[in-house]
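Asker: Going down the list, the sequences are from chains D and A. Quick note: to get our numbering, add 20 to the position in the first sequence (first position is 1). Quick note: to get our numbering, add 491 to the position in the second sequence (first position is 1).
Simulated from the structure, these hints should not be mistaken for laboratory data. Glycine included, C-beta positions come from ideal geometry on N, C-alpha and C. Everything hinted at is true.
Going by beta-carbon spacing under 7 Å, a handful of chain A positions derived as facing chain D:
hint : residue
1    : I664
2    : T676
3    : A679
Computed cross-link-like contacts, SDA-like style, restricted to lysine to any residue with a CA-CA straight-line distance of at most 25 Å:
hint : chain 1 : residue 1 : chain 2 : residue 2
4    : A       : K685      : D       : N59
5    : A       : K685      : D       : G174
6    : A       : K685      : D       : A148
7    : A       : K685      : D       : M82
Listed here are the chains, written in short residue letters.
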Amino acid sequence: MSEFLKVENLTMRFGGLVAVDALNFTVEHGTIHGLIGPNGAGKTTTFNMISGFYKPTSGKVMLRGEDISGLKMHEVARRGVVRTFQHSTLFAELTVMENALIGTHMPFRPNIFAAIVGWDREDKQGAAARANEALEFFGLDHLTAERAGDLSHGHQRALGMAVAYASHPDIMLLDEPFTGMNPEETRQMMDLMRRLRDAGTTVLLVEHDMQAIMGLCDTITCMSFGKFLAEGNPKEIRNHPAVIEAYLGGARHVA
Amino acid sequence: MLKFLIWPLAAIALLALPHGLSFSQQEILVFLTINILLVTSYRLLTLTGEWSLAHVVIMGVGAYASALFTKELGIYVPVSMLLGGLVSALIAVILSFPLFRMKGFYFLIGSFAAGEIIRLLWKHFRDPFGGAKGIKGIDPMPDFSIGIYDFDFFEPVSYFYFAGLVVAVCMWILWRIERSPVGLTFHAVHWQDKLAEASGVNLRAYRTLAFAVASGFAGIGGALLAHYIGTINPNSFDLDYMVFVLTWAIVGGTGTFYGPILGCVALTILNEVILREMGFEQARPLIYGCILIASILFLPNGLESIVQKFTKRRAKP
Numbered sequence: 021m022s023e024f025l026k027v028e029n030l031t032m033r034f035g036g037l038v039a040v041d042a043l044n045f046t047v048e049h050g051t052i053h054g055l056i057g058p059n060g061a062g063k064t065t066t067f068n069m070i071s072g073f074y075k076p077t078s079g080k081v082m083l084r085g086e087d088i089s090g091l092k093m094h095e096v097a098r099r100g101v102v103r104t105f106q107h108s109t110l111f112a113e114l115t116v117m118e119n120a121l122i123g124t125h126m127p128f129r130p131n132i133f134a135a136i137v138g139w140d141r142e143d144k145q146g147a148a149a150r151a152n153e154a155l156e157f158f159g160l161d162h163l164t165a166e167r168a169g170d171l172s173h174g175h176q177r178a179l180g181m182a183v184a185y186a187s188h189p190d191i192m193l194l195d196e197p198f199t200g201m202n203p204e205e206t207r208q209m210m211d212l213m214r215r216l217r218d219a220g221t222t223v224l225l226v227e228h229d230m231q232a233i234m235g236l237c238d239t240i241t242c243m244s245f246g247k248f249l250a251e252g253n254p255k256e257i258r259n260h261p262a263v264i265e266a267y268l269g270g271a272r273h274v275a
Numbered sequence: 492m493l494k495f496l497i498w499p500l501a502a503i504a505l506l507a508l509p510h511g512l513s514f515s516q517q518e519i520l521v522f523l524t525i526n527i528l529l530v531t532s533y534r535l536l537t538l539t540g541e542w543s544l545a546h547v548v549i550m551g552v553g554a555y556a557s558a559l560f561t562k563e564l565g566i567y568v569p570v571s572m573l574l575g576g577l578v579s580a581l582i583a584v585i586l587s588f589p590l591f592r593m594k595g596f597y598f599l600i601g602s603f604a605a606g607e608i609i610r611l612l613w614k615h616f617r618d619p620f621g622g623a624k625g626i627k628g629i630d631p632m633p634d635f636s637i638g639i640y641d642f643d644f645f646e647p648v649s650y651f652y653f654a655g656l657v658v659a660v661c662m663w664i665l666w667r668i669e670r671s672p673v674g675l676t677f678h679a680v681h682w683q684d685k686l687a688e689a690s691g692v693n694l695r696a697y698r699t700l701a702f703a704v705a706s707g708f709a710g711i712g713g714a715l716l717a718h719y720i721g722t723i724n725p726n727s728f729d730l731d732y733m734v735f736v737l738t739w740a741i742v743g744g745t746g747t748f749y750g751p752i753l754g755c756v757a758l759t760i761l762n763e764v765i766l767r768e769m770g771f772e773q774a775r776p777l778i779y780g781c782i783l784i785a786s787i788l789f790l791p792n793g794l795e796s797i798v799q800k801f802t803k804r805r806a807k808p
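Chain D with its partners taken away, still in its complex shape (with noise of 0.2 Å):
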């Protein structure tokens, strides 16, 4: 299916600041899509407005054909676009067992009547199975029971990324993935990711790690001060005079 998710002159304003300006781009399904920019570029911003975290000022963004702007943030969840957050948010009070059976809120719906009279064991059951998996699929199945607090940066950041896929969702939005982890960390999770693409679940991730972006994605879009850039495959975009220029400043310039 293509146009899964579409993106339509997305526009967010923060008072008199423009932090996306009619932002037009489309991820297929079933690839992994970087989205990159200098910092302040709006790619945050524009996150946020696809996750139902902000509400955009004007535009749209499509979802298998259907306008889910300004929905709420449980809402978009709902409808398979699970986000994760910069930095390491997590629930850090709970154990890492507990993170993951939250992740599964979504296909293990609790019911509190169910709750009290025990009808909810099954429920119970296939949500444990569901968060094991989605631990151990990104090789926290040893540290279920500690605290999610305690644990080091890179496993919080796999924690997070294991909530959000516990949910079974159809697109997975990562916001900055490889943030504070070491070579042999990020190249791990590059792995991970492409295994999640090969399972059929499209992301769409931001970051600054360029290595790992040109290693990683399928398409890249790149932004600059609000403003769509440039698209095309990590090769392209690697020499396109734009983006260069964006990066490194103006290379006429220079010249």
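Based on these hints, arrange chain A on the given structure of chain D.
Answerer: For chain A alone, coordinates are given in the frame of chain D:
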């Protein structure tokens, strides 16, 4: 093996407990039982991170509703107690619309205002709420016999058994909720509401659910109180009472299920038994307050932290 023995032993101890007490202490025991339900239900709300100042007034809603159901409609008392709880839950759902536009401190103040509005409505409308004098002559629980024991509800002992049973069932339900995935979601809403929302949790719905369930059980507690003392008025559910609930929860600690119960029992014994026996009639609030401040200074995690220390050390070797 020990685990299986604990519950029957505790039940026998509770059955025997009122017989070793004086009449006034038996009455205090009944109030303590009701207060335990109140503070346990309050904890369910605090799981989602919101602290309400309307909990006692909501309990009063249950008391008024149950009293009016029996008085005006002649409904059988135990049924009207349940209905009182339902009315409390319903009022909580209605209040949630304005209140859950706010969070944290603003919710606290907003809930206080909402509670005062309800109290003023009771005071203002003499029909059916009886105005400032409240409702008098509420039907007591009808006496009955279960063969081995005759319930005579003018006796505090009988009412203690009845209330104890009701409270035990309510607490069992609250415990089940807390231990279920629903309870886990409440924790999630508390610790990281944004991440919970990104996982598909409807924050408003879960906050309302916790508020409604907590209020429903508080309402049942209020109904138990109303049919015991037989007369209620708006001042039975004033801010003083709410402050007591808060101090029980804070001194006991809200990290565990038993924390608030511990606080409620310890402070009630301290206030009603020890300080009274020692003859500090006038200075009781002063000493009570000092102990409160001391416990916040030296036991920031509440009484439950002592128990945790004790049980953890025992579990290790």
